[in-house]
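K.L.:
Read off the chains here:
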Amino acid sequence: MATHITAVVNQKGGAGKTTLAMNLAAGLARRGDTVVIDLDPQGSARQWASLGNAPFPATVKQMFGDWDAQTLHKDFRAFRYTVLDCPPSLDSHASLQALRACDIALIPILPSPVDLWASLRLPLEIAEARKVNRRLKAFLVLNQVEPRSALSASMRDALKEFDVPVLEAAIRRRAIYRGAALDGVSVYQLGRRGTLAAAEIEAVIDEVIGS
Amino acid sequence: MTTTKDKLSASVRQAKAAQQPEAETRSAAEPEKAAGKTPTTPKKPAGAGRKPATKAASAARKAPTRTRKETPAPATDKPATANEVRDSGTALFPERVWPD
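Chains A and B are the protein sequences, given in the same order.
Counted from 1, the first sequence has number 58 at position 58 by the working numbering; the numbering is strictly sequential.
Counted from 1, the second sequence has number 31 at position 31 by the working numbering; the numbering is strictly sequential.
If a hint is listed, it holds; no wrong ones were tucked in.
With a straight-line Cα cutoff of 27 Å, these simulated DSSO-like cross-link-like pairs (lysine-lysine) come out:
1. A:K74 with A:K61
2. A:K160 with B:K5
3. B:K16 with A:K131
4. A:K137 with A:K61
5. B:K16 with A:K160
6. B:K16 with A:K137
7. A:K160 with A:K137
8. A:K131 with A:K160
9. A:K160 with B:K7
Derived coverage of chain A by chain B (criterion: at least 3 residues anywhere in the stretch with Cβ under 8 Å from a Cβ of chain B; other residues may be distant):
10. 106–120
11. 141–153
Calculated directly from the structure, the hints in this document are not laboratory data.
Quick caveat, the model's predicted, so the values are computed rather than measured.
All C-beta atoms in this analysis are idealised placements derived from N, C-alpha and C, irrespective of residue type, glycine included.
Let the hints inform the model, and build the full structure from the sequences given.
P.N.:
Okay, structure coming up:
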């Protein structure tokens, strides 16, 4: 059985790639065995998983060197879902290879002009990756949204310039996401405190899997 | 609210436009790189590189450059004070000898 590969990618650092990747993986793990491949040399995903008292719901592995879609399908065929946590650079082999290998690319983006400007190269790279990966679907995910902020409310309009669809499901700015990282768990494991955040991740998964 | 929305969209369009030439340059350079060639500039016809001299430019070139006439250094190293007249030393026509 081929593993379903989701890459969480953005060249901008601090966009919430690891937070989305880890919680997404925890949500996917409720549906089938899931592995997170930490492609970032900073190793934040691995660090996250190592902090918890309880085992993280998804397996987390770090991977370096040359690899491609075939490698992933061969090495991780035991997993139903593979989530690639990419480094904050499009110049690295890892990010470009992830776009060429994945089924879904999720691009977390913050409601900030600087983040928008910095992410403008992504649609070009996605178009380039589609030349070798025709099944690639890419979505922007609004992250750390503050509903009362004018900037957050303006984001969907501004993102029309990207030529990449934006998920209806958005992730709000919540302290619980940072708290989960600190505890080495996902928002699903935080009981009532994590309910709203877990519902947001579920909405992302439902929209992506249903796409 | 509308202002923020407009400003944000406009800033993205502007950033996109600024990145466009860069991307075009990159894509234009890639085939050359793949062919193992170093980018070369097309040969220009003789004299094509010369810019026609503008009136202002030639006038500026012809205009004599005024160099500041160096005044001889005062013979004494004694610093001048507000109420004191600087010693002209051995200079024939010092800039300032007497108070106005």
